[in-house]
Amino acid sequence: MAKLIELRDVYKIYGEGLESEVRALDGVSLDIEKGEFVAVVGQSGSGKSTMMNVLGCLDIPTRGTYRLDGVDVRELSDKELSRIRNKQIGFIFQQYNLIQNLTVLENVELPLIYQGIDPIDRRELAIQALTRVGLADRAQHKPTQMSGGQQQRVAIARAISTHPPIIMADEPTGALDSRTGHEVLGFLQQLNKEGSTVILITHDNGIAATARRIVRIADGKIIEDHPQEVNWY
Amino acid sequence: MNIGQAFKMAWRSICGKKGRSALTILSIFIGIAAVMTIVSTMEGMKAKTMEQFAAMGANRIEVSVYAYMYDEGGNPISKDYFAGLYRFCSGLKESIIGITPKGSSNATVVYGTKNSSTMEWKYDQQYNVVSGPPQIYYGSDQYSACNNLAIAKGRDLAWLDCEKYNQICVLGAQAARVFFGSANPVGQIMKVNGNNFEVVGVYGARVEPDTPSAYQTDNFMILPYTATRLLGDTAPTEFLVKAKDDASMKTAITEIGGYLSGVVDQSMGGYQVQKEGYWQDYQNQQLTMISLVLGGIAAISLLVGGIGIMNIMLVTVTERTREIGIRRSLGAQRSSIVAQFLIESGMLCGMGGIVGIIFGTIGSLALGKILFQMTIFPATWVTLAAFGLSVALGVLFGSYPAAKASKLQPVEALRAD
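In order, the protein sequences belong to chains B and W.
Residue numbers 1 to 233, in our numbering, belong to the letters of the first sequence in order.
Residue numbers 234 to 650, in our numbering, belong to the letters of the second sequence in order.
Don't take each hint at face value.
30 Å max Cα-Cα, derived DSS-like pairs, lysine-lysine [stated by the list, open to error]:
1) Lys-386(W) / Lys-424(W)
2) Lys-241(W) / Lys-142(B)
3) Lys-79(B) / Lys-34(B)
4) Lys-640(W) / Lys-87(B)
5) Lys-3(B) / Lys-221(B)
6) Lys-142(B) / Lys-34(B)
7) Lys-34(B) / Lys-3(B)
8) Lys-335(W) / Lys-87(B)
9) Lys-355(W) / Lys-424(W)
10) Lys-281(W) / Lys-79(B)
11) Lys-397(W) / Lys-355(W)
12) Lys-251(W) / Lys-347(W)
13) Lys-640(W) / Lys-79(B)
14) Lys-637(W) / Lys-87(B)
15) Lys-326(W) / Lys-508(W)
16) Lys-281(W) / Lys-508(W)
17) Lys-87(B) / Lys-193(B)
18) Lys-79(B) / Lys-637(W)
19) Lys-637(W) / Lys-142(B)
20) Lys-279(W) / Lys-335(W)
21) Lys-251(W) / Lys-241(W)
22) Lys-355(W) / Lys-281(W)
23) Lys-221(B) / Lys-142(B)
24) Lys-251(W) / Lys-142(B)
25) Lys-250(W) / Lys-142(B)
26) Lys-640(W) / Lys-250(W)
27) Lys-251(W) / Lys-508(W)
28) Lys-281(W) / Lys-386(W)
29) Lys-281(W) / Lys-483(W)
Hint data in this document are derived by calculation from the structure and do not stem from the laboratory.
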């Protein structure tokens with residue numbers, strides 16, 4: 001099976017050459033195949049967020065190659081990178097990252113707008129995604145009128161509205177209580193079962209147990225990478 | 234992302250920050266209103282000048298002949314050059330429509346109880362005549378041809394009237410209203426310095442009756458120029474020639490100059506032949522100058538407003554860095570971000586422009602009334618230009634903040650608070 005994600009000797013170095021240089025990623029190599037559920041675990045400052053930014057095409061590695069679906073992302077233009085973020089990847093962030101002055105529905109529609117889908121189809125896709133997370137009745141609310149758990153579900157709806165093959169979640173439960181956190185993790189497992197590749201970034205070993213494979217990272221290096229017993233939510 | 238969607242997004246974010254949007258609009262509308270008021274007032278004034286000028290007709294030549302010799306009383310010794318010039322011009326039918334003397338008289342005109350010496354002069358702030366007694370002009374049979382006049386009642390002056398020293402007169406439309414109201418003046422006898430003059434005709438109105446313009450252009454009576462002798466005025470020394478068009482005007486100036494050089498004794502006098510209205514051209518130039526200076530001052534206020542826009546948009550970009558990051562993570566391209574901010578600032582300034590146009594229209598109406606007693610409604614091109622200018626300002630001053638917004642790496646933008 002073709003590798004979906006292929007990192008080879010990837011470095012992300014801040015202030016290279018200075019005494020204070022920081023190696024957020026220090027020669028990382030990693031392969032992820034289609035349909036996997038991988039948890040990237042590490043303490044804060046270990047480089048796990050940088051890893052997600054690189055994997056999500058939000059940041060460009062200093063050195064090394066990153067092939068996504070066989071394409072070296074360092075050779076892509078802003079337009080092509082934007083298209084990858086738009087169509088291939090759905091992001092779920094710790095802080096939800098919803099736009100506050102837009103309604104729930106408009107937030108979910110955003111990636112569809114950037115895809116250029118016409119308004120009628122767009123609305124239908126957005127409602128579908130909201131129905132999946134059980135918030136279709138809140139479509140006209142503003143994010144500020146909702147609880148944290150509900151906001152994170154909106155963010156999930158936004159991430160899945162374009163049916164991207166890859167879901168990247170950065171501490172998705174970090175701001176939630178454990179019950180709503182479990183709901184979110186259950187969702188990720190469900191999406192994975194339906195065929196999405198899920199990459200979960202967390203500092204919490206308990207949460208990492210959601211995934212079928214664990215990649216532990218410290219000081220910018222992978223120190224552990226193996227399949228594990230799954231804790232189903 | 235399509236453009237309609239981009240406009241909708243910009244509209245949403247303008248509505249999202251009403252107070253700030255209002256301030257931005259404020260910073261642009263004052264400049265636009267000022268520029269518009271100035272430009273349309275100046276345009277209105279020019280149009281007014283041109284209207285009065287046009288009533289007389291174009292392609293006119295002023296001819297003046299003067300002498301250095303004086304009699305015992307100190308009056309210049311003048312000779313009647315007109316009859317000769319008249320004959321000369323009659324031979325130039327190809328290029329000349331007509332010729333008439335330009336003299337006027339201070340004689341008193343009386344008809345019934347109406348007496349020109351007791352009529353009051355009225356002026357506006359610019360010392361333009363608003364109303365007053367009629368002017369008395371000496372003319373030839375071609376006075377009407379030279380002045381865009383057509384007979385409305387009775388008959389025009391004839392060359393024979395000049396040759397026979399006939400005591401007749403033709404009235405301008407406004408003068409007829411002043412002396413006779415709505416009655417027919419033809420056949421009536423008027424007294425000019427006590428001499429009987431019969432009204433033989435009335436000219437049609439060239440401008441709206443009873444307005445200041447009518448008092449300036451249609452309030453006159455024409456006497457045969459040979460009546461100077463009877464009324465004790467000197468023979469006319471200034472003449473007006475009307476040419477067919479611009480090209481024939483140049484020919485006529487040369488021809489008349491050539492004729493006068495043979496007739497006028499250069500040691501005792503001289504002559505001048507030139508295009509009429511050079512002073513109007515000069516006045517127009519002055520007006521253009523004034524409007525440029527005032528417009529420049531107003532443009533500075535626009536510039537200041539534009540810098541204000543840039544400032545506000547920079548703050549907006551900084552404030553919305555995280556939003557930019559979110560949009561980038563969802564697949565917005567750099568160009569979409571640039572478009573979003575450009576459209577937003579263009580739209581804000583366009584709204585400022587619309588408010589400015591409203592105030593500019595009010596301003597030019599008010600200024601026109603106060604300064605010139607006329608209704609100046611801004612021309613369509615001025616309105617369109619004002620709107621275009623304001624949108625262009627928005628795009629111009631929005632481009633730096635927009636470029637700044639798009640340059641951020643998505644990850645840096647997402648990290649912002």
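_To test your reading of the hints: which numbers does this structure violate?_
When the structure is compared with the hints, numbers 6, 8, 10, 11, 12, 23 and 27 turn out to be violated.
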